[in-house]
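Chains as they are written, first to last, in my numbering: chain D, 1 to 279; chain A, 1 to 305.
Honestly, I wouldn't trust all of these hints.
[Said to hold, decoys possible] Under 7 Å between C-beta atoms, here's a sample of chain A residues computed to sit facing chain D:
{"#": "1", "residue": "ILE15"}
{"#": "2", "residue": "VAL20"}
{"#": "3", "residue": "LEU25"}
{"#": "4", "residue": "GLU43"}
{"#": "5", "residue": "THR44"}
{"#": "6", "residue": "LEU46"}
{"#": "7", "residue": "LEU80"}
{"#": "8", "residue": "GLY83"}
{"#": "9", "residue": "LEU117"}
{"#": "10", "residue": "TRP141"}
{"#": "11", "residue": "GLY193"}
{"#": "12", "residue": "THR195"}
{"#": "13", "residue": "GLY275"}
{"#": "14", "residue": "ARG290"}
[What the hints assert, rightly or not] Rough simulated footprint, nothing fancy, chain D against chain A, three-plus residues with beta-carbon under 8 Å:
{"#": "15", "region": "26-37"}
{"#": "16", "region": "51-65"}
{"#": "17", "region": "119-128"}
{"#": "18", "region": "210-216"}
[What the hints assert, rightly or not] So the derived label-pair ranges between C-beta atoms look like this:
{"#": "19", "chain 1": "A", "residue 1": "VAL131", "chain 2": "D", "residue 2": "LEU13", "range": "20 to 26 Å"}
{"#": "20", "chain 1": "A", "residue 1": "ALA188", "chain 2": "D", "residue 2": "VAL26", "range": "37 to 43 Å"}
{"#": "21", "chain 1": "A", "residue 1": "GLY264", "chain 2": "D", "residue 2": "LEU9", "range": "36 to 42 Å"}
{"#": "22", "chain 1": "D", "residue 1": "LEU265", "chain 2": "A", "residue 2": "PHE35", "range": "42 to 48 Å"}
Bear in mind the hints are in silico, worked out from the structure with no lab data behind them.
Virtual Cβ for every residue (Gly too), placed ideally from N, Cα, C.
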Amino acid sequence: MFRTATDGLATGLAVLATVLVVVPLVAIFVYLIYKGASSLNLAFFTRIPKPEGEVGGGMANAIVGSGVLLGVASALGVPIGIAGGIFLAEFGRGTKLANAVRFTADVLNGVPSIVMGVAVYGLIVTPAMPFSALSGGVALGIMMIPTVTRTTEEMLLMVPHAVREAALALGVPNWRSVLSITVKTASPGIITGCMLAFARVAGETAPLIFTAFGNSNWSVALNRPISALPLEIYRYAISPYDDQHRQAWAAALVLVVLIVAAVSLVRFVTSRGVLKGAS
Amino acid sequence: MVLCALSIFGIVVLIATELVRGSQLSWARFGFAFFVSRFVDPETRLPMYWDPVNGHFSALPFVFGTLVSSFLALLLAVPLAIGLAVFLTEMCPRVLRAPLAFLTELLAAIPSVIYGLWAMFILVPLLREYVNPSLIKMLGWTGFFNNDNPTGLGFVAAGVILAIMILPIISSLTREVMNAVPGSQREAVLALGATRWEMIRVGVLRNARIGIVGAIILGLGRALGETMAVTMVIGNTPQIQRSLLASGASMASVIANEYAEAAGDLHLSALTEIGLALFIVTIIVNALARLLVWAVTRGGPAQAH
């Protein structure tokens, strides 16, 4: 009797915990959609910000700025990350070096983004080029490398061994087999992995505060401060004006829709087994 | 490709050297006392920690703020995360499992700044109007909840939002290590006539405990370095108060707030040193957590279920 009661109690507590977790999550989404959708309009996508305190304006410059920053970040992070992942999965598999790299990548993934920002600040931000799109992009790019490396590796490991062996049995050299068979087979997975890393850094704010800095005017130059969506969300959220709060919610909705779309796509591809087409 | 793989070591070395270089000035000036000392204002006799104008810098209130908010977050998140993981792996109807897991995964993908936005406009007013007054009424006598801070910003707000943010990572890793426990373990305990909870406690949780500790430590690592959401709700006041309702500041939040407009080299250097401390601590915490999680999920058991 006592044991049944304990069992029931434990089950109840687990259900309660689940409910307590789901409630704030749903609340966040509901508020985001409610507040964001009611604040979103065409001007948001086409105008640049009005001076503080004035109603209206948009975030066209921040949207483009985010694009520029992410472009720089991807140009740096994606090739290095993919190459690192190929090494881990194909050439270095099982070696001490590969294990050490994998471990370091996991640990690096946990380093706070703001620390990356501080390091990049010291590295790139100089009196000659105070704050710039380039430094923001590099900070984000460095953060992409470990994520891309690890997802690439995982995707490559999902490629069946038989495929590799078939290629090698035809007398193809190993490097050729890796590049045109294994990597090609895993490429949908690798691409979605990159998108995952992309989505992750797309919402990064902390390192951008003192690298990209933000810019309320139109700018796409790499050597000048540039605006970004997450930066504007932060800046507008802590401002005293209601209209800016409204725009912060709109920007948050746009950002989350982009990120959720990317994450859902990743999940779809990995669970539906696009990779299994090869086997 | 070896080069690209090695670049990951390169990044770690680069970050470390850059942070050490940047913090030299502050290290030379204050030494280790930077993290423990405090100054007393000769006029007001109040303790002072962080005074960029007069060049007094002590990281003590930020270390305090980071620790308090992180542990508060763990206190709230750990029971919930383990409960959720137990529910998802052992009890959940199959129909609910995938949507719930997906939902928690989404939670992990939402940017920090959006949590901050939500916390500023929804959570903080909620705390200010309803939760904080009742906390003061019921627990005011402990001394941890007596405060006249009317803003609702502070350690409690930071702890709650941090808890929501680290829940997914703790819960998904706990799920992973619980899934790694072989099904035969569960069947063996059930065969002895155990109830479902006894099976979970003896058969699953006991076997997975090292991994769960690892997951918790990983969550701690996240909480320690979390920046934007905390910056937006902690109040950003460099002070040490006994009350959890008081506003404070964390290591990450002071960097986010002051780095871009630091007043002079020493200020910048002091902030960089806080960054260096954060870097070292998170590296250690994450390495420890990864080792613990690996110890459980590595090897065969994963395919046994």
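Verification of the supplied hints:
{"no.": "1", "hint": "ILE15", "result": "holds, 4 Å"}
{"no.": "2", "hint": "VAL20", "result": "violated, 10 Å"}
{"no.": "3", "hint": "LEU25", "result": "violated, 12 Å"}
{"no.": "4", "hint": "GLU43", "result": "violated, 31 Å"}
{"no.": "5", "hint": "THR44", "result": "violated, 29 Å"}
{"no.": "6", "hint": "LEU46", "result": "violated, 27 Å"}
{"no.": "7", "hint": "LEU80", "result": "holds, 5 Å"}
{"no.": "8", "hint": "GLY83", "result": "holds, 3 Å"}
{"no.": "9", "hint": "LEU117", "result": "holds, 5 Å"}
{"no.": "10", "hint": "TRP141", "result": "violated, 26 Å"}
{"no.": "11", "hint": "GLY193", "result": "violated, 9 Å"}
{"no.": "12", "hint": "THR195", "result": "holds, 4 Å"}
{"no.": "13", "hint": "GLY275", "result": "holds, 4 Å"}
{"no.": "14", "hint": "ARG290", "result": "holds, 5 Å"}
{"no.": "15", "hint": "26-37", "result": "violated (count 0)"}
{"no.": "16", "hint": "51-65", "result": "violated (count 0)"}
{"no.": "17", "hint": "119-128", "result": "holds (count 3)"}
{"no.": "18", "hint": "210-216", "result": "violated (count 0)"}
{"no.": "19", "hint": "A:VAL131 / D:LEU13: 20 to 26 Å", "result": "holds, 22 Å"}
{"no.": "20", "hint": "A:ALA188 / D:VAL26: 37 to 43 Å", "result": "holds, 38 Å"}
{"no.": "21", "hint": "A:GLY264 / D:LEU9: 36 to 42 Å", "result": "violated, 59 Å"}
{"no.": "22", "hint": "D:LEU265 / A:PHE35: 42 to 48 Å", "result": "holds, 45 Å"}
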